[in-house]
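> Sequence:
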Amino acid sequence: KQWLREKGLAASAKRDDRESTQGVVALAIDCPTAAIVKLKCETDFVASSDGFIAEANALAELVRTKGESAVGDRAKELEDLRILLKEKIELGDVIRLEAASGNIMDSYVHVQGGRGVNVVVVEMSGATEELAHDVAVHIAFARPKYLKKEDVPADVVAAERATLETVTRNEGKPEAAIAKIVDGRIQGFFKDVVLLEQPYAKDDKKSVAQVIGNASIVRFVQVEIG
1448 KQWLREKGLA ASAKRDDRES TQGVVALAID CPTAAIVKLK CETDFVASSD
1498 GFIAEANALA ELVRTKGESA VGDRAKELED LRILLKEKIE LGDVIRLEAA
1548 SGNIMDSYVH VQGGRGVNVV VVEMSGATEE LAHDVAVHIA FARPKYLKKE
1598 DVPADVVAAE RATLETVTRN EGKPEAAIAK IVDGRIQGFF KDVVLLEQPY
1648 AKDDKKSVAQ VIGNASIVRF VQVEIG
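Numbering-wise (the working numbering), the sequence shown opens with residue 1448 and increments by one.
Worth flagging that the hints you see were computed from the coordinates, not collected in a lab.
These figures come from a predicted structure and were not determined experimentally.
Note that CB positions come from ideal geometry on N, CA and C, so glycine has one too.
Mixed in with the good hints, there may be bad ones.
[To be verified] Label pairs and their in silico Cβ distance ranges:
(1) Lys-1513 with Asp-1491: 26 to 32 Å
(2) Val-1603 with Lys-1533: 39 to 45 Å
(3) Ser-1572 with Lys-1533: 29 to 35 Å
(4) Asp-1598 with Lys-1620: 27 to 33 Å
(5) Glu-1526 with Asp-1651: 29 to 35 Å
(6) Asp-1602 with Lys-1653: 17 to 23 Å
(7) Gln-1657 with Gly-1539: 16 to 22 Å
Build out the structure end to end from the sequences listed, making use of the hints.
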């Protein structure tokens, strides 16, 4: 039995240079704590298998209860899974969140092929569970990179502004008007990447900031396959 396992481990090591672009994103949530674990593999077939999904779920619950470093407790189970499924299997994102006292934490899991592929957890203050869930759904499909404008690094804004200036100039706009045009287009950039500035998915005439009103989004996490 030990010889068979050693042989399996040797075969597993040979797969280390393969691409693991498929997988599952597992969520364990029981407010005030939540955990997201991405478990990666090579094929859609393995990603959809019961044993693979069960291992991802077990890892997520372990992280939620014991912390991010606890994934090491299941190293043997992961090795056994690699031997059994004969694919490169590795951990991706491992994230644990704990909401502050009185805050709401909610989530959304987009399922494809029987497994989670796009998971969002959001923490809000002064919000209902329904609002927090709706915001999580919005995030899943709008894919913001930042919570508020101030979170966008200055070098990212500068690079975008430089690109927009080049594009605007190449369009033949009058030189005197370029700065104003670019200012307008930068606002469009913020609407793409900043959660509070985005048009709300359920009512795109309003921004997310307008929809949440006096409530506030403390933070959000999104993890996807791909």
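> Confirm or reject each hint.
Hint check:
1. In this structure the supplied range 26 to 32 Å holds for Lys-1513 paired with Asp-1491, their Cβ-Cβ distance being about 30 Å.
2. For the pair Val-1603 and Lys-1533, the beta carbons lie near 42 Å from each other, so the given range of 39 to 45 Å is met.
3. In this structure the supplied range 29 to 35 Å is violated for Ser-1572 paired with Lys-1533, their Cβ-Cβ distance being about 47 Å.
4. In this structure, Asp-1598 and Lys-1620 meet the distance hint of 27 to 33 Å, their C-beta atoms being roughly 30 Å apart.
5. A hinted range of 29 to 35 Å for the beta carbons of Glu-1526 and Asp-1651 is inconsistent with their spacing of about 48 Å.
6. At about 31 Å, the beta-carbon gap between Asp-1602 and Lys-1653 misses the expected band of 17 to 23 Å.
7. Judged by the Cβ atoms, the range 16 to 22 Å given for Gln-1657 and Gly-1539 is violated: they are separated by roughly 34 Å.
Hint violations for this structure: numbers 3, 5, 6 and 7, all remaining hints satisfied.
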